[in-house]
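Protein chains in written order, with our numbering: chain A, 129 to 294; chain L, 3 to 392.
Some clues are possibly wrong.
What the hints assert, rightly or not - Distance condition first, Cα-Cα at most 16 Å in a straight line; then the derived EDC-like pairs of lysine to aspartate or glutamate: (1) L:K178 - L:E29; (2) L:K86 - A:D150; (3) L:K51 - A:D173; (4) L:K181 - L:E274; (5) L:K322 - L:E29; (6) L:K56 - L:D343; (7) L:K86 - A:E154; (8) L:K56 - L:E41; (9) A:K215 - A:D173; (10) A:K271 - L:D343; (11) L:K95 - L:E50; (12) L:K322 - A:D150; (13) L:K233 - A:E207; (14) L:K312 - L:E299; (15) A:K271 - A:D150; (16) L:K228 - L:E170; (17) L:K214 - A:D192; (18) L:K242 - L:E264; (19) L:K233 - L:D251; (20) A:K271 - A:E174; (21) A:K158 - A:D192; (22) L:K233 - A:D272; (23) A:K271 - L:E50; (24) L:K322 - L:E299; (25) L:K7 - L:E29; (26) L:K214 - A:D173; (27) L:K228 - A:E207; (28) A:K215 - A:E198; (29) L:K95 - L:E170; (30) L:K95 - L:E282; (31) L:K297 - L:D164; (32) L:K242 - L:D278; (33) L:K37 - A:D150; (34) L:K322 - A:E154; (35) A:K271 - L:E54.
These aren't lab readings, by the way, just hints derived from the structure by calculation. In this text the structure is predicted, and so the values were computed from the model without any measurement.
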Amino acid sequence: MHAATRDKLVARFGDRLTEVTDAYNELAVKVASNDIVEIVRFLRDEPELRYIHLSDITATDWPDDDQRHEVIYHLYSYELCEYIRLKVRVAEGEAVPSLTELWDAANWLEREVYDMFGVQFSGHPDLRRILMWEDFEGHPLRKDYPLTYERPQFSFNKDNPPEIIK
Amino acid sequence: MVEAKTMTVNVGPQHPATHGVLRVVLELDGETVVKCVPEIGYLHTGIEKTAEAKLYYKAIPMTDRMDYLAPMSNNFGYCLGVEKLFGVEIPEKAQWARVLLAEVTRLNSHLVWLGTHALDIGAMSMVLYAFREREDVLKIYEAVSGQRMMSTYFRVGGLAQDLPADFEPLVRTLLKNMKVRVQEYEDILTNNRIWRNRTMNVGVISKEEAIKSGITGPLLRASGVKHDLRKARPYSSYDKFEFEIPTSDRCDSFGRYEVRMEEMRQSLRIIEQAIDGMPEGRYRSRAPGIVLPTKEECLYSMEAMIYHFKLITQGFSPPKGEVYVTIESPKGEIGFYFVSDGSPRPYRMRVRPPSFVNISALPKFVVGGLLSDVITCIGSIDIVLGEVDR
């Protein structure tokens, strides 16, 4: 089914694809973060592929790895009716090139990844929190963010609590 | 010397026409919208984070609460994802029942959309009619699951319990009523001059812009893209049903209205085929150790009881891997992405929310239009904030 896509990608990019798998019959490709825009542009504009729908951008946190952030893109082709998954790994503090130039949909999706995981996107026009409020500290979907912790919203006297609490 | 000044207006978050807690910051020049910034996050409940701490079986009730107008569609997507990860085959009866209920859910969602959208624009009576028919849908929900809204009826491997005896009469009643009613709705609205003036050429989004914004579902089809995941990648047993994909080239709010009305008719067609040809058999697959045994089996079989206990307490560990499953929910393409690290809990569960992506395109719908048309646009995008924020 997705053999055509895989062959075309491998023929065009060869060694620049770190890993190509199709577990569960889903084509998944690992690429370097510098290559992501070029590869996505190729997938989108190549006449026989036309992965023109950006379905999703999300991330997974692997805190024990050197490159803890894994950003995951799902593209879809309306003609092939196929998905492709692209994965990029970056370390804390490194930025992933933004896809906002190619799709407007990337704007909010990347903001959500930034909000939830703290991944930076270079070239994003408006990278700020989207679900959490502006002065929220931390990134909730990281594995080291506790599940049951609730940050106090009104912390005007956090450093100087009244006698009765001390 | 008169200075040109713009005014900033907050619509929401507590505004009935924002369909929940959406806040839209508008910059107005007179009545014309110059800039529009939607702000979300007021309903953020961390469903993705919570799901990481639960066994695969136990996150199903949370998916109901995302798009609370289409609980069964969310269940459907979630279960399909887990089933793909586990490698479970679903019995035919469960597949047909799921398709039927997913289409009933589409009616539910579209009816609420129609009622509230028309109410926003000023057709007061529509909301009463739409909610009257929705009652038939909620009766079906109640019959199968005991719940009127948060049904949680789907399970990994099939359904929570067998279809009840009064299921068929209830579905027949729904079919009988809705076939007439959809026509009545169209009689009220389609040629209504006020309705046409308020929706035609309002919130126009071209095909190219729609694709660039990633919008899916009825909005995309109303912009002239003939695409429906039920046809393009038939999941469950959608390939066994006959139905059409309605599209419109109008690209405006009226086009989206036309598409959704026709979708309701097509849903009725699918429901009718499903209830006519409902196969006999098991309502949940028999996969010991992976899928929960049915209640009846637990009562009579020692083995089943042991499996039940083990699954509830320890869960099932799928192999390492990841799956991405998408279905056509009433709002668009809803996707579930699971990453398994070989433990009985998902390492990562991601929901690709259709409303989230659709509402991110709101500025394209409203900029350059009038303030009063913002309400039309929000209504015709059909958002549910529970899903936008998750």
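Structure-based check of all given hints:
| no. | hint | in the structure |
| --- | --- | --- |
| 1 | L:K178 - L:E29 | 47 Å, violated |
| 2 | L:K86 - A:D150 | 14 Å, holds |
| 3 | L:K51 - A:D173 | 35 Å, violated |
| 4 | L:K181 - L:E274 | 11 Å, holds |
| 5 | L:K322 - L:E29 | 49 Å, violated |
| 6 | L:K56 - L:D343 | 14 Å, holds |
| 7 | L:K86 - A:E154 | 11 Å, holds |
| 8 | L:K56 - L:E41 | 30 Å, violated |
| 9 | A:K215 - A:D173 | 19 Å, violated |
| 10 | A:K271 - L:D343 | 13 Å, holds |
| 11 | L:K95 - L:E50 | 30 Å, violated |
| 12 | L:K322 - A:D150 | 13 Å, holds |
| 13 | L:K233 - A:E207 | 12 Å, holds |
| 14 | L:K312 - L:E299 | 15 Å, holds |
| 15 | A:K271 - A:D150 | 27 Å, violated |
| 16 | L:K228 - L:E170 | 33 Å, violated |
| 17 | L:K214 - A:D192 | 36 Å, violated |
| 18 | L:K242 - L:E264 | 20 Å, violated |
| 19 | L:K233 - L:D251 | 20 Å, violated |
| 20 | A:K271 - A:E174 | 38 Å, violated |
| 21 | A:K158 - A:D192 | 19 Å, violated |
| 22 | L:K233 - A:D272 | 41 Å, violated |
| 23 | A:K271 - L:E50 | 12 Å, holds |
| 24 | L:K322 - L:E299 | 30 Å, violated |
| 25 | L:K7 - L:E29 | 10 Å, holds |
| 26 | L:K214 - A:D173 | 13 Å, holds |
| 27 | L:K228 - A:E207 | 11 Å, holds |
| 28 | A:K215 - A:E198 | 7 Å, holds |
| 29 | L:K95 - L:E170 | 14 Å, holds |
| 30 | L:K95 - L:E282 | 6 Å, holds |
| 31 | L:K297 - L:D164 | 10 Å, holds |
| 32 | L:K242 - L:D278 | 13 Å, holds |
| 33 | L:K37 - A:D150 | 44 Å, violated |
| 34 | L:K322 - A:E154 | 14 Å, holds |
| 35 | A:K271 - L:E54 | 10 Å, holds |
Against the hints set out earlier in the document, violations occur for numbers 1, 3, 5, 8, 9, 11, 15, 16, 17, 18, 19, 20, 21, 22, 24, 33.
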